[in-house]
Each structure stands twice: as structure tokens, then as C-alpha cells.
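Spelled out from the first residue to the last, the chains are:
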Amino acid sequence: MKKKYRLCILFLIFILAGCVPKEIIDEVQLIHAIGFDKKPDESIQGTITYPVFNMDGNVRVETLTAVSHTSRFIRSKLNTQSPKTLTTGQLRVVLFNDRFAEKGIIEIVNSLYRDPNVGNRLFLTVVNGSTNELLTKKYTASALPSMYLADLLDQNIKSENLPKTNLHVFLYSYYGEGMDPFLPIVKTHKKSIQLEGIALFNKDKYVGKLNHRQSFAFKVLLDGSKSGNYEVEVKKEKRKGHAVIRNIKGTTTYDIKKVNGVPQFNIKMKILGEIHEYPHWLNLEQPANIALIEKTLKKQLQDEAQGIVKKFQKLKVDPLGLGDQVRRREKGWDYQVFKKQYPSMKIKVSTEVDVVETGVIE
Amino acid sequence: MMKWFKKKPKEQSHTIDLSDNTYSDIRELVDNAKESADFIHYPQKTVHHHIYISYYKAMIDGELLHRDLLPYLIHSKDFKNIKDLKDILPIESVTITNDIKEIQNKLLRGFIVVQLGEYDEECAVIRAENFATNRPVSVSEIEFSVIGPKEAFIENLDSNLYLIRRRLPVPELRFKEVVIGKFSKTRVIIAYLDGVAEKENLNTVMQRIKDIELEVIPDSSYLEQIISDNTKSVFPQLITTERPDRVVAMLNYGQIAILSEGSPQALLGPTGISEYFASPEDYYLSWLLGSLFRFIRFISVIFSTFATPLYVAVLTYHYQMIPKDLLAPLISSRVNIPFPPILEVLFLELTIELLREAGARLPTKVGQTLGIVGGIVIGQASVEAGLTSNILLIIVSLSALASFTTPIYKMANTIRILRFPFIFFAALWGGVGIVLAMSFILVHLLRLESLGRPYLQPIYPPRLLDMTDTIFRLPYNRLLKRPISLGTNLPSKDKVKEMRKKKDIDE
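Here the protein sequences line up with chains P and E, keeping their order.
The opening residue of the first sequence carries number 490 in the numbering used here; numbering runs sequentially from there.
The opening residue of the second sequence carries number 115 in the numbering used here; numbering runs sequentially from there.
All clues given are correct.
Okay, derived cross-link-like pairs now, DSS-like style, lysine-lysine, Cα gap no bigger than 27 Å in a straight line:
| id | chain 1 | residue 1 | chain 2 | residue 2 |
| --- | --- | --- | --- | --- |
| 1 | P | K680 | P | K647 |
| 2 | E | K346 | P | K492 |
| 3 | P | K627 | E | K438 |
| 4 | P | K647 | E | K438 |
| 5 | E | K299 | E | K171 |
| 6 | P | K805 | P | K828 |
| 7 | P | K803 | P | K592 |
| 8 | P | K676 | P | K528 |
| 9 | E | K171 | E | K159 |
| 10 | P | K692 | P | K800 |
| 11 | P | K788 | P | K803 |
| 12 | E | K346 | P | K493 |
| 13 | E | K159 | E | K200 |
| 14 | E | K438 | P | K680 |
| 15 | P | K784 | P | K729 |
| 16 | E | K438 | P | K511 |
| 17 | P | K724 | P | K759 |
| 18 | P | K837 | P | K715 |
| 19 | E | K438 | P | K653 |
| 20 | P | K573 | E | K438 |
| 21 | P | K805 | P | K653 |
| 22 | P | K626 | E | K438 |
| 23 | E | K438 | P | K676 |
| 24 | P | K491 | E | K346 |
| 25 | P | K805 | P | K694 |
| 26 | P | K757 | P | K800 |
| 27 | P | K747 | P | K820 |
| 28 | P | K727 | P | K787 |
If you're looking for bench data, these hints aren't it; they were derived computationally from the structure.
Only chain P is shown next, with the shape it has when bound in the complex (with noise of 0.2 Å):
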């Protein structure tokens, strides 16, 4: 009898229990990317945009936008607007137009992580203009701005001279102690969106960039890299040419020595490297020649980190996390002191670089 009760009970929870709520993937409106701008009342303008698939596999790209406060309500606005649930688990990248970035991110941010839709993988972005226009706008390389984005940032994270930045690494650094985040910056630029450089944050706040000259030596500073492009000045009796080095490995060390209870910074920057295009009056056979662009190389690499380092401390942003250096390596570590002493720190940076390949000529 025991037995037969059970037997109902399971039942009933079998016809009962069919409150999942559904998300069938072609009855929900997927938004690969969302866009803020601040308007000039304070007030957000958000733009979305999601693909519509046809039955022949082509796919169009619609955008919506809103005004609001509040993110979420912005969502909830733009939801007015669309033919089927606006959802958020293929968001794939979201932007932040520079005068919103400058006014604080942390609030969105925040109420991205705790979407449980949302993954950690999710690319942030600062624009540099509005990012209505960049996702409104057509461009030749994609049917989607969205996807051309998310594709354009993860293929220079792979090759170029992108440090990794995604969701999860800027919460890391924003909530870390001794450390401040960094995303991407990207403008539109013609037919084709743009990649400009690294936008610096004091915790949530934009406060400056990099170019994408200057982020070759910010990747390998960070955490060392293999990839990311370097062009360089060769002069040689009076003759005067560009070197271009692609990065095989990067390798950066941290040396700390405290004095007077003040950390002071000896950088090690090592690169091996390969060299891609040379002027051509160079004969690269000659050892001396490349010797001679190790050299220039060397020079130049170090000039621009010791620039962005200055620069950090000048902006008062450490992005590079030299604080949570100094934390790996010490007891008793207080934030608040590092942060008052961390602008006149004596931060060195050298630098070594080794060609090992010149392509097939030899």
C-alpha cells in the first residue's frame, strides 16, 4: 500500500512539475551586444542589437534602443519594442561609450555577473564615440557589428598586442586589492570598426589610454605573452628605415626591494623575437646587423615601458598589478598605504631582446 502511495506521489510530481520556464531558442530574441551612452541630461541611452536568422541561413542584424536610468529597465523598455522575450545568454560583447566609461561602469558590471545568463567569457568595451552609432552602422566585414566585434577582440587577444580582458578578468581586477582593470578601446573607423588601445580605469572609472603601440610592451609587462607586433626605428650612417619584430615569447620579472618601507621596482622585460620586414639595404646575414636592431629594439621597447609606467603612476592606475606584487611577497600588506606611496615610486624597467629567427633567408 506504502508502496502504491509513492508511486502516486511520483506522479503527481511528474504532471505537476511542469514549471521550468521555457526559453526555446527560436522564441526568444537572442542580443549578441548592448551598447551605453551617457546623454547629456545624465540619463543612459541603451542600444541592442540581435540577429534574425532567415530560413535560407542569412542572417540580418536589427537594433533597438531605449532611454532609461537604470539598465535593467532599459531592458525592460526595449522588450516594448520587440516581437519576441529579449534575452541575454548570447550576449557577447558590451560596450560603453567614453563619456559613460568616465562616469563609473561598476553599476552595469555588476548587474551583468549576477545575470546567471551572462557568462564570464563576455568581452567589455569602451568606445571611443557612440555606441549606437558603431552598432547601427554597417560595415562590409560582417552582417553582424555584434560577432565582427566579439571575432575582432578575440583574434587580437590570440595574435596581437590585445592583453586577455573579458568579464572575468576585469572583475578580478576591479575587486583585487593592488590592482585596477583595463578594457579594450575601439572606435569606427570608415567601413570597419577599429581597435585603438587600452583604456585605463582607477576601479570603475576611465581615466586614459594606451595605443596600440604602447600595448605591445603593457601584454608583455602584464603577464608576459606570445604574440603582438613591434615596429621599430633602425638608423645606420645616416640611413634610415623601420624594423617590424613579431614577439615569439615575452617574459616579464618582478624584482621588489623595500627601502625605507617604500617598494621599489626593478622590471625585467625579456623578449625573443623574430623579425618579420627590414629595410632592405640591412644585410641580415651579418650578425652585426642584427645586432644592431636587438639594440634599437632594446632601446625603444624600454623608452615606451618606462613611458607607460610613468604614465600609470601619473594617472595614479595600476593596471599593470605591481600592488598585488608586492602583496604576493609580503605580510601585512596595507592597500591604502601602497596607494599613497605607489605615484612617486621608483619604478625601473630594462629590457633584453634576443632575435633568434630572421625568416627563411639564410
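Use these hints to put chain E onto chain P, whose structure you have.
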């Protein structure tokens, strides 16, 4: 309350108990037998007597009667007494008896009865069974293999026993006979290698077989279902095979085979689940290839069970996990489909099941055309009509294909059915539902036994040494002679080491 659950009292059966219905005397037996058209009972004049010869016409070998029996009976001058027949006839099996039960049984099995008077109590019973109507041993069709022996069992028990005995010519191969079936009097042989098969397993089989109370046993599958440990399970608990080579290999492993008269299939037990996915070819090919193909078979079983449930779960609940490049083909193929994924999947799965069932019922040649018509025409048409998405069509046909790779037909059928509960759970609770259904199946498998031995072994309880022939088949010098999970003694470490030594061929 819940009266509707209560079982109704069993109705008493009113069938006559034919098995014990032996006639009291020879007169009654002959008179009753005459009611059948194929019973012959006629007087024959010999040198000294008028004898009576009786037999069932269809059951005896007519040529034997004419060539080896009648000439001696009619012309022999030594034939004075019924007991003289033993010396006169050139047949080894001649018994003189007045045991009415024995006479009746033998008469029905193709013996010829000779009496001096029409209703004489003392009869000579002469063996003359008819073997001519037996199908010859033919190529195995259900468990086909490219390499290796092609012989398959037939409906005649004795030739099946021959196929086994020929491969194991040792006295340790024992055939124990049990006759079951009230009406059918089916001979059932329990075959095992004495000293190899575990006594406990043997006793289990003997006791279960002897307890069977059926009237007719048309096939060994009846036996399988009755002696299975859990008759409510969808999983087969004994291997059904038509290959004598498989039976011999398994007898050597210490398993017990059950063969029954009239059935071209032998049962093997106790078994573990992995054996159902082992094909004889795994052993005939080199161990690398054998292992690889076996691994592919395992993968295909997993694919076949989980492909469509995952499709339902992902498209209904977990659109987040679809990679961005897969979004476009998935969505654009579903744009025009009016059904939710569950209905779409059920529609296609049922179509495939329908095709399979129809194909199995039809003669081979018609079946082939049916497969083509069904597979190509219906599939393509339903995609074009917007009833199913073409991605699903690929998934469903692949998983149907994958389920055919299982070598044991009964297991293949189980795999075929197994995906339906998964589909329903996936439609109800998505990925969580699949995990839940998987848990139910795992718990069931853990509790399942085959002739009292765990069904999941050697995976659980783990028997590491047996794993050499489970998901992979290692080379023969790495294999144990027989699995420990069948109850044979654990080999010593030295013995294992010795076994692994490569023996030099030149020595």
C-alpha cells in the same frame, strides 16, 4: 481507497494436465493414438507370427523402416520371441519393455513399436527418428562477422551440441539435460566446463530451469525471460547468441550455456553489461583494432542514447551553451517549424522506429526498398514541409545508425528504447532531467544481477584485472585466462607477471 490498484484474484486454470495423462494399458494407448491421422498401426505377417507395427508416420525415418527393419522382421527365421529382436535387428537402440509410460513417450519421439499381438503388453521399441527435415547448419545472420567462423546454431538440439562438442573435445564439457514444458516436453541442455564454471552459478541455473512451469517452450527466449533475475528490467540479463564460437569462448571463461530443443539460440550467463557490446570480431582482429572498434561501439551507444535528449534539452532550456557559430544553422533550420523541440523529436524518432519495425516484419527485399523510401523520402519531405529541422534529421538518423552497432540484438533493442525516457525527462527539466534519468538508470543497473552476479562488473564492483577485456581488449598475453568476476580464483602476482612475459617464438 485505491481499490483499483488491488489485484484481482487469479483465475483458476481449467486446462487438463496432459503431461501426467499416461494411458493405463496398451489398448487404450493404441486406440487413442489412432484418432490422429498420422498414426500407423498395422498387422504384418512374418515367418512365425502376425506382428503389429505402430508408429507416427511423420516422426520416423521411412527409409530406415524399409531397409533396416522390415526385411529382418519379415524374413528372419530366428524371430520367434519378441526378445529375439534385440539380436536380429541391425539397430543399437532396441528395448523390450512393458512400461506403458516409456512406450508412449518414445512413440511420440519417433520410435517404432513392434508387438506380437495387437494389444500385446510386451513391446519392442526401436529407434527410427527422422532427421531429414532438419535445416543444414548455415551462416550466422544476426551476429554476422567478416572474419571468423560463420557457423550458426540451428533448430536441432543435437547438431547444436555437436557444434559445441566438436570445438571442446574434452570430457569436462558436461551437458546436463532437463526436460521441461508440460506439453512440449522440450529438452533443455545446460552446458558447462566442469572445474571451470563455478558450482554456485551452475546450481542457480539448474534450480531456475527446473522450476519452470510452462506448457510449451517455443524458443530459448522464453527461458531467458523466466530465469532472468529481474523480469521488469529492459536490460537483457543473459546473452542470446547464435554463434557456437562465442558459446565455446564463454564456456571457457566459466559461463554456463543453456540450449533448448527447437531454438537456434543459446543463452549465456552470468554476464556483465560490457559483454553485450563485445563482438567476436574484437577477438579475431588485432587487439589495437579490436579495442578501437569496441570503443567506437561504446561511444555510439552513448551517442545514440543522448543525442536527441541533448538536442531537446539544449534547444528548450539551455540556449546559452550553444557556440556562436552553431547558432545560425540551428535557428535558421528551426525558423519555420511550428512545434516545440520535444514534438519535433518525437515525430522523427517515431518515424524511425516505425521504419525499423516495418522493415523487420517485411521480407528482406521489400525491407530494403522500404528503408530507402522511408529514410530518404520521408526525411527529406518532412524537412521541406517544415515539420522537422534538417539538423535534427541528421542527429536522429545518426543515432539510429549508432544503435545498430551493438552486436547482441536484444541489447540493441534496449538501446533503441532507452532514449525515450531520456527525451521526456529532457523535455520536462532540461539538462537536470537528463542527469536525473541517468541516475535512475545507473541505480537500476547497479542493483541488477545476472544469475546472482552483479551486472555492472567488472566496472562496479571494480575488478581491475578483468578490465583488460572490458572497454578495451588488451593483447592475449595481457588477458586473464578467465575473468575473476565469474568466481574463478584470483591468479597470483607471479602468475600475472609470467603471463605478461613475451614468449620468444624461436625457442
